[in-house]
Structure formats: C-alpha cells, structure tokens
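Spelled out from the first residue to the last, the chains are:
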Amino acid sequence: MNSLAFIRSDRGGHIFLGLLAAVTLVVPVLSLMVPETSALHLSSYTVTLVGKYLCFALLALALDLVWGYCGILSLGHGAFFALGGYAMGMYLMRQIGDRGVYGNPELPDFMVFLNWKELPWYWFGFDHFWFAMVMVVVVPGLLAFAFGWFAFRSRVTGVYLSIITQALTFALMLAFFRNEMGFGGNNGLTDFKDILGFNLQSDATRATIFVLSALALGLGYIACRYIVSSKLGRVVTAIRDAESRTRFIGYQVDNYKLWIFTFSAMLAGIAGALYVPQVGIINPGEFSPLNSIELVVWVAVGGRATLYGAVLGAFTVNYAKTYFTAALPDVWLFALGALFVIVTMFLPRGLIGLLERIKVRRGAPQLAERKS
Amino acid sequence: MRYIWTALFLLFIGSAGADEPSATNPALDAAALAPLASDDFDEKGRAIDAIAATGDAHVLPILRSLLDGQLFQRKDDDRFVIAAESDAGYDITDALTSENLGSVGKRDLRKLGLNNSLRSQLETVLARLSLTSPDTSIRLAAVNNMLKNPTEDTTAAIRAALANEKDSAVADAMRTVIAMSDLGGGDPVVRLAAIDILRDSLSPDVKNRLSALLEKTSDGTFTEPDENIRGAAERAVAHIESKVSLYGFAENVFFGLSLGSVLLLSAIGLAITFGVMGVINMAHGELMMLGAYTTYVIQLLMPNHIDASLFVAVPAAFLVAGLVGIAIERGVIRYLYGRPLETLLATFGISLILQQAVRSIFSPLNRSVSTPEWMSGSWQINEIFSLTYNRLYIVLFALIVFVGLLLLLKKTRLGLQVRAVSQNRSMARTMGVRSNWVDALTFGLGSGIAGVAGVALSQLTNVGPNLGQSYIIDSFMVVVFGGVGNLWGTFVGAMSLGVVNKFLEPFSGAVLAKILVLVFLILFIQKRPRGLFPQKGRAVEG
Numbered sequence: 571m572n573s574l575a576f577i578r579s580d581r582g583g584h585i586f587l588g589l590l591a592a593v594t595l596v597v598p599v600l601s602l603m604v605p606e607t608s609a610l611h612l613s614s615y616t617v618t619l620v621g622k623y624l625c626f627a628l629l630a631l632a633l634d635l636v637w638g639y640c641g642i643l644s645l646g647h648g649a650f651f652a653l654g655g656y657a658m659g660m661y662l663m664r665q666i667g668d669r670g671v672y673g674n675p676e677l678p679d680f681m682v683f684l685n686w687k688e689l690p691w692y693w694f695g696f697d698h699f700w701f702a703m704v705m706v707v708v709v710p711g712l713l714a715f716a717f718g719w720f721a722f723r724s725r726v727t728g729v730y731l732s733i734i735t736q737a738l739t740f741a742l743m744l745a746f747f748r749n750e751m752g753f754g755g756n757n758g759l760t761d762f763k764d765i766l767g768f769n770l771q772s773d774a775t776r777a778t779i780f781v782l783s784a785l786a787l788g789l790g791y792i793a794c795r796y797i798v799s800s801k802l803g804r805v806v807t808a809i810r811d812a813e814s815r816t817r818f819i820g821y822q823v824d825n826y827k828l829w830i831f832t833f834s835a836m837l838a839g840i841a842g843a844l845y846v847p848q849v850g851i852i853n854p855g856e857f858s859p860l861n862s863i864e865l866v867v868w869v870a871v872g873g874r875a876t877l878y879g880a881v882l883g884a885f886t887v888n889y890a891k892t893y894f895t896a897a898l899p900d901v902w903l904f905a906l907g908a909l910f911v912i913v914t915m916f917l918p919r920g921l922i923g924l925l926e927r928i929k930v931r932r933g934a935p936q937l938a939e940r941k942s
Numbered sequence: 028m029r030y031i032w033t034a035l036f037l038l039f040i041g042s043a044g045a046d047e048p049s050a051t052n053p054a055l056d057a058a059a060l061a062p063l064a065s066d067d068f069d070e071k072g073r074a075i076d077a078i079a080a081t082g083d084a085h086v087l088p089i090l091r092s093l094l095d096g097q098l099f100q101r102k103d104d105d106r107f108v109i110a111a112e113s114d115a116g117y118d119i120t121d122a123l124t125s126e127n128l129g130s131v132g133k134r135d136l137r138k139l140g141l142n143n144s145l146r147s148q149l150e151t152v153l154a155r156l157s158l159t160s161p162d163t164s165i166r167l168a169a170v171n172n173m174l175k176n177p178t179e180d181t182t183a184a185i186r187a188a189l190a191n192e193k194d195s196a197v198a199d200a201m202r203t204v205i206a207m208s209d210l211g212g213g214d215p216v217v218r219l220a221a222i223d224i225l226r227d228s229l230s231p232d233v234k235n236r237l238s239a240l241l242e243k244t245s246d247g248t249f250t251e252p253d254e255n256i257r258g259a260a261e262r263a264v265a266h267i268e269s270k271v272s273l274y275g276f277a278e279n280v281f282f283g284l285s286l287g288s289v290l291l292l293s294a295i296g297l298a299i300t301f302g303v304m305g306v307i308n309m310a311h312g313e314l315m316m317l318g319a320y321t322t323y324v325i326q327l328l329m330p331n332h333i334d335a336s337l338f339v340a341v342p343a344a345f346l347v348a349g350l351v352g353i354a355i356e357r358g359v360i361r362y363l364y365g366r367p368l369e370t371l372l373a374t375f376g377i378s379l380i381l382q383q384a385v386r387s388i389f390s391p392l393n394r395s396v397s398t399p400e401w402m403s404g405s406w407q408i409n410e411i412f413s414l415t416y417n418r419l420y421i422v423l424f425a426l427i428v429f430v431g432l433l434l435l436l437k438k439t440r441l442g443l444q445v446r447a448v449s450q451n452r453s454m455a456r457t458m459g460v461r462s463n464w465v466d467a468l469t470f471g472l473g474s475g476i477a478g479v480a481g482v483a484l485s486q487l488t489n490v491g492p493n494l495g496q497s498y499i500i501d502s503f504m505v506v507v508f509g510g511v512g513n514l515w516g517t518f519v520g521a522m523s524l525g526v527v528n529k530f531l532e533p534f535s536g537a538v539l540a541k542i543l544v545l546v547f548l549i550l551f552i553q554k555r556p557r558g559l560f561p562q563k564g565r566a567v568e569g
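Just so you know, the protein sequences line up as chains V and R, in that order.
Numbering-wise (our numbering), the first sequence opens with residue 571 and increments by one.
Numbering-wise (our numbering), the second sequence opens with residue 28 and increments by one.
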C-alpha cells in the first residue's frame with residue numbers, strides 16, 4: 571500500500587474531484603475566452619455565484635469533519651467563517667487607501683465617519699497580504715482552540731455543546747454590531763477596490779478567485795479525506811460512536827477533539843476569506859445563528875460522514891435557495907423548514923444515503939456488502 | 028413668571044382679609060358667565076373673580092379653557108361651550124353641564140376675547156384655585172411646581188395654605204418649599220432648621236440648592252460664610268445622596284427582577300420540555316410568538332374590551348400554543364426520542380415554518396398590541412422611585428405561573444406521571460403509565476406555557492415574526508444555567524441573570540452587558556456542565 575491509498579479507495583471522492591476539476595477548467599474558459607454574444611458565455615454573475623457555492627462547500631466540508639466524523643454538532647461554525655472573512659475584509663479595506671469617500675490614506679471610511687483619530691492596534695499589519703492570510707487561519711483557529719480547550723476539558727458534550735456554540739456566535743454577532751469594536755458596525759466592511767493590485771471587478775480577477783476557491787475546496791477535501799482515513803481519523807470516529815469507551819481504552823479524547831475542531835475552524839476561516847472578495851462585503855449578519863444552523867442543513871441534506879455529501883448538500887441547498895428567493899421568496903423558509911424535518915425524519919443519511927439505497931435496489935451488491 | 032406669583036400673593040392677602048366667599052356663594056349659572064361675553068374688559072375681570080368665588084366643580088375647566096381660547100359662545104342660543112377642534116370643525120360640550128352638543132362649524136361660534144392683564148389674572152386665579160382645590164393631586168402638583176421657583180410671595184401663600192392643609196404629603200411638600208425659602212434668609216437658627224427639613228426631601232431642586240451652599244468661588248473661599256450651615260448642608264447632601272443611591276439600587280433590582288421574570292416566563296416552558304423531557308425544542312420561541320399573536324387576534328375580536336382582553340388571551344394562548352405543541356410532538360418529535368441532535372434540527376425546521384406562516388398570514392411587519400388601562404402608568408413611591416405597572420404585573424404573573432406549574436408537577440396525578448416517565452420510562456410503563464400520552468401532554472404543557480409567556484411579552488415588546496428568535500438563546504441559557512430538570516434552578520437562574528444583566532448595563536451598555544453575560548455563561552457551563560442545581564441520582568444517566 572502506498573501513501574495514496576486513502577484516496578484510491580474513495581469512489582465518491584473520485585467522482586467529486588473529477589467534477590470539480592472539470593468545473594475549474596470549464597468555467598474560466600467559458601467566462602473569459604468565449605465571446606459575450608455566444609450562448610455558452612458565462613456572465614460574471616454566474617461565476618461569482620458558483621464561486622460562492624464553492625466557498626460554502628468548503629465550509630460544509632469543515633462542519634462535516636467535526637459533526638459527521640467526531641459527533642460535535644457545532645452551531646457556531648458560521649462564526650469561524652465570518653472571522654476568516656473579516657480578516658480578509660480588513661486587508662481589502664486597507665487596500666482602498668485614499669480612494670475612499672473621505673480620501674483618508676490611513677483610516678477606512680467608517681473610522682473617519684466615527685471621528686477616530688488613528689488606526690486601532692488590531693488593524694496593524696493588515697496592509698500586508700501575507701499577514702492577513704496568516705490571520706485568516708490563526709484567528710478562527712485560536713478562537714476554536716480556546717473555546718474547545720475549555721469545552722472539551724470540562725466534558726461539555728452533545729446538545730449542551732451545540733447550544734453554547736450557538737451562544738458563542740450570537741455573542742460575536744452582538745459584539746460586531748457595535749460601532750466601538752472598530753469593524754464597521756452594522757454595515758461591516760465593503761466598497762473593496764482591489765486585491766494585490768488586481769481590480770476586484772474585472773472578469774480575470776473573478777475567474778482567478780474562482781479557480782483558487784475550487785483549488786481550496788479540492789485540497790481541503792483531500793486533506794479531510796486523509797485525516798479521516800488515517801489512524802487519527804479512526805480514533806475520532808471511535809470517539810463519535812463511544813466516547814467513554816475510547817477514553818477508557820486510553821486515548822486522550824479531549825486532545826483529539828480539540829485538534830479536529832481547531833482544524834475545522836481553520837478550514838472555515840479559509841472559506842470565509844475566499845468568500846469575501848467574491849461577494850464584496852462582510853457584515854455582522856454572517857455571525858447570525860441562523861446562518862450557522864443553515865450550514866448544518868447543507869451537511870444533513872447531503873449526507874453526514876461522507877465529505878462529498880457535504881459538498882453535494884451545500885450546492886443543492888444553496889442552488890435551491892438562489893432559485894426560491896428569486897422566484898418564490900415566500901416559499902423559501904417553508905421549503906427550508908420542511909427540508910430540516912424531512913431530512914431528519916426520513917433521510918438520516920442524506921442524499922448520498924438515498925443514492926446508495928437506490929443503487930443497492932438496482933443490484934450493486936458490492937456496495938451493499940461494503941456498507942455492512 | 029415672577030409677576031404671577033406676586034399677583035397670586037396679593038390675591039391671597041386680599042382674600043384672607045375679606046370674608047370667606049363661601050358664606051355668600053353665588054351659584055355658577057349662565058347669568059354668572061354672561062359678562063364674559065361683554066366688550067368691557069373690566070367687567071370681564073370682575074366676572075372671572077365672581078366665577079372663581081363660586082367654588083363650583085366646573086370653575087377650573089371653564090377658566091382653563093377660557094385661558095386656552097377654547098371657551099366659546101354659541102351664536103344660536105348664546106350658550107357657553109367648550110370646543111375641541113376636530114376634522115369636521117369643533118366638537119362642543121356645554122360649559123356648565125358638560126353635555127355633549129355635537130359638532131359645529133367655526134362660524135357658529137363666537138370667540139371670547141382676552142387681553143394680557145386678563146390672562147395674567149386668569150393664571151393667578153387658576154394657581155390659587157389649584158392650591159385650594161379639593162383634589163389632593165392638583166394641590167400637590169401646584170406645590171411641587173412652586174418648589175421649582177420659590178419666591179417670597181409664593182412662600183407666603185403656601186404658609187397661609189399650610190394651616191388648612193389636611194393631607195400629610197401635600198403638607199410635607201409645602202414645608203419643603205417654605206424651608207427652601209427660609210434657607211435664603213439671614214437667621215442661622217432658622218436656616219439650620221430649614222436644612223433639617225430639607226434633608227428628608229428627594230427632589231433634585233432641593234439637592235441642587237443645598238449643593239450650591241458648598242460651592243467655592245473662583246478665589247477659593249466658600250460662597251457660604253457660615254461654617255455650621257456648611258457642615259449641616261454637607262451632611263444633608265450626603266444623606267440625600269445615600270438615599271438616592273439606595274433607591275437607585277432598589278430600582279435596578281426591580282428592573283433586574285422584571286427582566287428575570289420575562290426570562291423565567293420564556294424559560295419555564297423550556298424547563299419542562301428540555302429539562303423534564305430532554306427534548307430540545309428550538310421552536311419554543313415561535314410558540315411564544317404564537318401566544319403573542321393570539322393576544323393580537325383576541326384584541327381584534329374584542330376591540331371594545333381591551334381591559335378584559337388579556338384575561339381571555341391567556342387561556343386562548345395556552346390552548347393555541349399547547350395544541351400546536353402537541354401536534355409537533357405527535358407529528359415529529361416522537362419519532363426522534365433519544366436522538367437529541369436530530370430533534371434540535373427538526374424543531375428548528377418547524378420554527379422556520381411557523382415564522383414564515385405568521386409572516387404570510389399577518390404580514391412581516393410588527394403588529395401593535397394595546398396595553399389595557401390597568402397596566403399602564405406607574406406606581407409613584409416617591410419623587411425619584413416609581414415602578415411601572417406593566418413590569419410589576421409581569422413579575423406577579425411570572426410568579427403565579429411558576430407556582431402553578433410547581434403545584435401541577437408536585438401535587439397532581441399528571442405531575443406524578445410526568446416525573447415518573449422522566450425518571451424511568453420503562454419502569455413507569457410497567458406501572459401502567461401511558462407514556463406516549465404523558466409525553467404528548469407534557470410537551471403540550473410546556474408549549475402552552477410558552478404561549479402564555481407570549482401574552483406577557485406582547486405587553487413589553489413588538490409583536491413580530493422574529494419575536495421568538497430573540498428569546499430562544501436566552502431561554503436555553505437560563506435552563507442550562509439553572510440546571511436541567513429543576514424548576515427551582517430555572518427560577519434562580521432567570522432571576523439572577525436578569526439582575527446581573529441590569530447591574531452591568533450602567534457600566535457597559537446594554538449590548539455589552541448581554542455579551543458579558545453570555546461569555547460568563549459559556550465559562551460557567553465549562554465549570555459546571557450540569558448547571559447550578561444538577562440532578563442527582565440515576566436520572567442523571569438517562
């Protein structure tokens with residue numbers, strides 16, 4: 571067995587990675603090379619939309635890692651996503667320089683508006699791209715580490731953990747809504763101009779960020795697959811299924827959970843950082859508990875503990891959301907609510923589980939055997 | 028202002044010298060009013076005095092509306108009417124009988140002219156009348172008004188009125204005004220006595236006046252040369268300040284308790300469903316929202332009986348929310364027992380559906396629920412301390428619901444069965460308890476209480492589709508903080524969180540206080556994952 575065995579046996583992963591590669595190649599070509607008059611041309615709106623889905627998929631992947639494999643239902647993963655987004659947003663904000671409405675070279679517009687005299691200390695360093703990129707993973711990672719260190723050590727589990735993660739993101743939302751925090755308050759950070767000198771509005775930049783998001787998703791998938799197939803992954807799965815027993819066997823359960831939780835938070839941070847330049851805004855609404863819980867539904871709809879299921883769920887639910895909120899805005903919340911109920915009651919293994927069941931009925935015995 | 032008080036004083040001297048008018052009280056009738064329509068201002072002046080002397084109950088409104096330009100004469104029959112402007116013209120009532128005479132146009136009325144000297148005469152007469160008015164609250168308001176601007180003349184007027192004053196509160200206020208005036212005098216004994224009286228007053232005017240004695244001028248000497256007076260004033264100010272801070276503390280505690288009661292109401296239903304049954308119901312907030320909307324609908328159905336509407340709304344909201352709760356339990360939750368995370372997700376889905384349903388039926392805008400008469404206003408304990416009735420009633424209501432629920436769980440057969448099922452389901456079933464039925468009823472009970480909480484919330488906040496969401500996290504925090512499965516824990520948790528929140532607010536602002544409380548709770552749960560009062564014994568393992 572060589573070191574790539576983990577990915578060879580992953581048939582769902584093959585399909586997913588293949589599709590992802592195809593999308594990564596086709597979308598920029600259709601957007602940049604095909605003339606606008608052609609029917610095959612993709613507008614920058616579509617590119618951004620699919621790019622957004624890619625970021626959501628990465629976020630769903632991060633949640634699937636902790637929820638599907640470790641049994642930690644985090645209702646606060648949106649907070650890590652938003653923190654990564656804010657780190658990126660702060661870099662983009664500094665890039666505006668003196669092109670803001672007030673033309674102040676040092677301070678972002680909202681600080682001028684609030685009569686601030688100088689940049690708060692936590693904004694220093696964000697004019698460097700590398701520093702901001704480090705912060706994108708470090709800030710969510712540190713928060714997750716500190717939070718998890720307290721929570722797992724004192725054995726807060728199950729629904730209690732879910733509720734305090736929800737309280738965490740709720741508290742962060744309230745905090746970021748405050749103007750005094752220095753993150754733009756209600757309006758958040760917006761009006762970005764360019765990234766590393768490239769204009770954010772141009773099709774080429776959009777396509778590049780799109781490709782980067784796809785790459786991040788692909789690499790994130792491979793990393794997660796590697797983790798869950800490794801020995802560490804097996805211990806983590808054991809924790810999900812029988813936490814006390816794993817502890818009694820002699821594993822440091824808290825450390826494993828802490829590690830996987832922090833890693834997942836970092837992935838979520840990266841997803842947020844890629845999301846912000848594409849949508850062009852980050853505001854405290856991203857911290858709202860509803861966002862985090864919607865994210866749980868993506869994973870649940872796709873199918874837990876499969877990784878590619880999370881990606882599938884993120885795409886399906888978000889496409890449905892885009893469609894419904896435009897076509898039938900009143901129906902969307904009904905549909906989302908019904909989705910929660912139907913998935914938990916009738917599709918405990920999500921769409922992937924459904925597909926597998928259909929396959930088994932059609933007579934694919936090898937899959938059925940593998941399952942049992 | 029000054030000339031008014033002077034005039035008032037002169038008038039008092041005048042009336043004190045003359046015979047009491049009560050001896051020859053002329054009746055207040057149309058004849059007495061007639062000179063008001065005269066063109067001669069002197070004659071009008073005499074008429075005003077004559078009207079004031081009658082002592083009739085209608086005098087105050089008549090003179091007040093004359094001063095405000097709302098007293099007219101109807102051209103048809105020369106009747107004196109009080110008019111209020113309306114869309115159609117003027118709504119008029121008879122000045123002498125208060126009989127409603129319907130609505131007329133502007134041209135049907137004759138205006139009664141006034142000049143400046145008549146206006147000041149009217150103001151004087153009105154002030155005097157209110158100081159001797161039989162209504163205690165009018166007298167008290169007049170005295171308190173004079174406290175803001177005490178002069179020699181007003182003090183003299185008050186001194187005269189004090190002798191006949193029977194009501195102790197008004198008399199105290201009068202003494203305060205006199206003492207304020209004495210403080211400005213020359214005799215140190217009188218001034219010390221005045222300070223002694225003033226130290227028991229809580230009015231900010233008094234405190235400012237006393238603090239002024241302690242100030243220094245720009246060259247470092249005290250404005251007040253007498254050291255004894257300064258010492259007394261200093262002690263009096265300290266006394267007043269300690270009292271003010273005591274009442275401020277009491278007010279904070281009260282606000283905290285009222286916030287705690289709201290938390291208790293919203294969390295107590297959750298304490299049943301989450302605490303006793305172990306079901307995470309994320310739709311709990313939406314059940315509260317249903318209760319609030321039930322209140323709104325009830326008020327729509329009985330618009331003429333707003334005062335009684337809440338008494339109908341409480342049972343109605345209990346039924347509506349309880350039935351919806353039972354439907355949720357029978358339809359969804361019972362298939363998910365033992366899978367808490369799935370229950371959480373499914374009930375969250377239900378909460379979205381309920382929210383959108385309300386949005387589709389009642390529109391996404393906030394609906395206004397009116398407050399009954401008996402709940403508005405406040406209970407004024409003294410000048411700086413008052414309790415608003417709506418908060419007071421909510422504290423009472425929360426206590427009643429809490430005690431009722433406690434009794435229900437401890438003393439009734441249903442309560443016994445609920446506790447049996449929650450402690451050991453299979454054993455309870457062996458003993459013949461229909462556990463399915465108990466589950467449904469328990470969930471219905473918890474949901475119904477959420478609905479009742481919604482009725483209370485409708486009196487405090489806006490009723491809108493997002494009403495529930497804003498309370499759900501707080502409610503969970505309360506239950507988790509207090510200890511799952513323990514109603515007393517919920518009670519202590521809610522009240523202490525409410526009080527802590529209100530005490531943090533002045534230092535940190537409302538939002539930061541909330542954040543601090545959340546952070547505290549997150550840390551607290553780390554330390555004591557099972558809350559303040561954890562369940563003991565075998566039930567813990569379940």
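None of these hints come from the bench; they were simulated from the model.
Watch out, some of these pointers could steer you wrong.
[Stated by the list, open to error] Capping the alpha-carbon separation at 25 Å, the derived lysine to any residue pairs in SDA-like fashion look like this:
#1 R:K554 - V:T816
#2 V:K891 - R:F389
#3 R:K541 - V:T816
#4 R:K554 - V:E926
#5 R:K554 - V:R748
[As the list claims (entries may be wrong)] A few chain R positions that, by computed beta-carbon distances, are all more than 10 Å from chain V:
#6 A80
#7 L379
#8 R440
#9 L468
#10 K541
#11 K554
[Stated by the list, open to error] Computed spacing ranges between beta-carbons, pair by pair:
#12 V:P899 - R:R134: 35 to 43 Å
#13 V:W691 - R:G536: 52 to 60 Å
#14 R:G305 - V:A890: 28 to 36 Å
#15 V:S724 - R:S413: 52 to 60 Å
Each residue gets a CB set at the ideal place from its N, CA and C atoms; glycine is no exception.
Check each numbered hint against the structure and report the violated ones by number, ascending. Structure breaks hints 3, 4, 5, 7, 10, 11, 12, 13 and 15.
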